[in-house]
Amino acid sequence: MDMNEIKEIFFQECEEQLAELESGLLKLNDGDRDPETVNAVFRAVHSIKGGAGAFGLDDLVAFAHVFETTLDCVRSNKLEPGPEVLKVMLKSADVLADLTNAARDGGSVDQARSKQLIRELEALANGEIPVAAETPVAKPAAQPAAAAAPAPVNEEGFQPVGFSFDDFETAVDEGEVLMVIPTYEVIFKPKSELFAKGNDATLLLRDLSKLGEMSIYCNTDELPPLEELNPERAYLSWKIQVKTDKGEEGIRTVFEFAEWDCDLDVTDVTNAGAPADEDMPMQPIPFDLALLDDNDDHDRPIGVVEEEEHIASDQQAAVAAAATAAKVVEMAGQAARQPAEQRAAPAAAAAANNAANAQSAAGTPTIRVDLDRVDRLINLVGELVINQAMLSQSVVENDTNGTSSINMGLEELQQLTREIQDSVMAIRAQPVKPVFQRMSRIVREVADMVGKSIRLVTEGENTEVDKTVIDKLAEPLTHMIRNAVDHGIETPEKRVANGKNPEGTVKLTAKHRSGRIVIELADDGAGINRERVRQKAIDNDLIAADANLSDEEIDNLIFMPGFSTADKISDISGRGVGMDVVKRSIQALGGRISISSRPGNGSTFTMSLPLTLAVLDGMVVTVAGQTLVVPLTAIVETLQPEPSAIHSFGSNQRLISIRNSFCPLVDVGRILNFRYQQANPVDGVALLVESEGGGQRALMVDAIQGQRQVVIKSLEANYTHVPGIAAATILGDGRVALILDVDAIVAASRGQPLRSDSSLAAAG
Amino acid sequence: MKKKVLTVDDSRTIRNMLLVTLNNAGFETYQAEDGVEGLEVLEEANPDVIVTDINMPRLDGFGFIEGVRRNDKYRAVPILVLTTESDAEKKNRARQAGATGWIVKPFDPTKLIDAIERVTA
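Residue numbers (the numbering used here), protein chains in the order written: chain A, -15 to 748; chain B, 403 to 523.
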């Protein structure tokens, strides 16, 4: 493991600490006064500061230091974490996150903002409670810079002094030439406490001897007769004469750890002549520190030891690096990392021992596993599923009576395979919490910018979903949250005028529903202004002026490309990037999004996403001799059309009547150019599918082969993108089947060309 | 015989740095994530020296040091406090709890090894 890898770990840890920090602050904001919450918040900042210091990230250290100081006031009950205080702290947490990101990815942060917060934090630490209105803090600009410096304020003079033998040795050489080296007399009388704290007089004397030429005398006057001797008490005292240019300071540094537990007297006796032995009758003792040392390392010249350590450390570094290749990737970390270099297996095994030692000491119930390993496992399980299906199929083909024990064994195998698959998927599953937490910051910032007061309520943040889904969720969600805050929620004045709570609420909910994750974003704002949306759509030629649209259809217009209701483009919700982009990204995840709006009471966006992008429950169908897979989630029902239910209109459009309503018929084979003539619907099967916003369509296929779980193989990664096709899979008989992109097919049936958007292209 | 070091720190970053630094310097390293775990692995690690953080969940450094000193077998093991806390009050408390010495963060490998060498034979 090298410093870069540790740094990587540091940033991963920062991310966790920042999440911890934010959730702690939010708890405090909700009135939680549990000391452990305050401690956790403090520790988070403290940890970041500690790591940042080790990597010389001074900006981060400086800010964390001020933040920590203020948090310490809260911890010691000197500062009550009221709403105004927490507002500053939440903002500081945001800046801390920015600084962390800047330190990791380069780039800069808003200096003015962080300086301002440093001032505000210091004001809090100094007992100035802010008022809601922004008051200029009466502090000179130079002040924060000084306080921001990482160097600790040191009231009692414990300033650690750098100590290097190299410096010392050179200094001695020069000193001999240039000046007389001063001699100091050191009286050192240990107290019993010195030993109780694990210090050792011998070691102190040894260290002292490194300062220069030294003579030592031991006073044994207080030594009692043997039978009265308590081995844990201190009886001896020492008088040492040491010739050193390190000064009194250097000598005291040796006793740095011990000085409270001993009497120490240091005097410069350079010009005092011979030591006055009669002052303190001393019994000279032979001094051979080498004898006192258990191992002889310390007697060797420092340089030699260091060289040997270098050799040793090179070997160890190799082993440690191999260990890294084998372990520890933060699953919650952002992007999948570069695969670590593969190293020789024996080295890895040896390293595993090392790691095991460290790990067993750590003894936590969780392990960290390289993401690549999990992905490989998932891939293999995918192959296993395919293989099992192929095996089943060939057994069915060769086993005519279907009663043999092979069949029963196969069924068990199928069940086991399914279970293994589910368990493997669960490894990748992560709670949506980190994404949800990021949203609270967005709400805060955007609300601040537009002068609204908004509370984010989250629910079900422990709902788990595949990590790849989580990673891709953040962006569309951010966009929607911004929209909700910027456009959805009214200004406080307007809210009050409408008899609402001036504080708006945005609620983010996650839950599992029938094998998918459903994420809801609800605001209690004004809801969709249907008149305006309709007008805008007419203005933009998106709909005909006399189009007869239901409320739901009007609401869904906002998902159309190029649609934006905001009269003026604001910085917040972006320029021209509308809900259509959000919809596309959700679709790219194999998800659906819909909106329901209650005028005057707000809007709710509902997103339904697959739990994983690696497998899919599909219906296997035949179209013009080709085998296709239709994602099961898109299918509402299947039916065998009666001749009387088919109605033709226009040139070659057909409708099917289902329970007294009409639904356009879409011939999949025709759309995909598998055939040039429309098939007779009566000969085939209709799959009633739901497409976003566009209502229902009946997809005509020739026959249904069955339902099965298929492993998604990216067409783009292995071949090239095909319009109307989302991805591919391998069936039980080993043949490739294409997975239909239902939305693209439906869109194509409306006369739009097949667009190059595919819902599953992103999957493996 | 390699010298054995037990490190107690809740920060993964610092734990990794300690591990690398100490391994490179030829120590055998045992690690714990907080005071409670530190006391648990004490027997197994049987350390020649202990390096501990102060601010930790469950059981902080002060509590951990007191725990070690209460154990007859380990009450004379040198304990170094690795902490960003530089104020005298904290040092004093660590000392009263029985700490041998301290290493002030930011973490510096040379400083760490120096300090360990200073308190171990």
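Hints are not guaranteed to be accurate.
Derived contacts from chain A toward chain B, CB cut-off under 8 Å, selection only [said to hold, decoys possible]:
(1) Ser31
(2) Gly37
(3) Leu189
(4) Asp191
(5) Glu240
(6) Arg497
These are computed hints drawn from the structure, not numbers from a lab. Where is the CB? At the ideal position from N, CA and C, for every residue including glycine.
Status of each hint after checking the structure:
| no. | hint | in the structure |
| --- | --- | --- |
| 1 | Ser31 | 5 Å, holds |
| 2 | Gly37 | 3 Å, holds |
| 3 | Leu189 | 12 Å, violated |
| 4 | Asp191 | 6 Å, holds |
| 5 | Glu240 | 7 Å, holds |
| 6 | Arg497 | 36 Å, violated |
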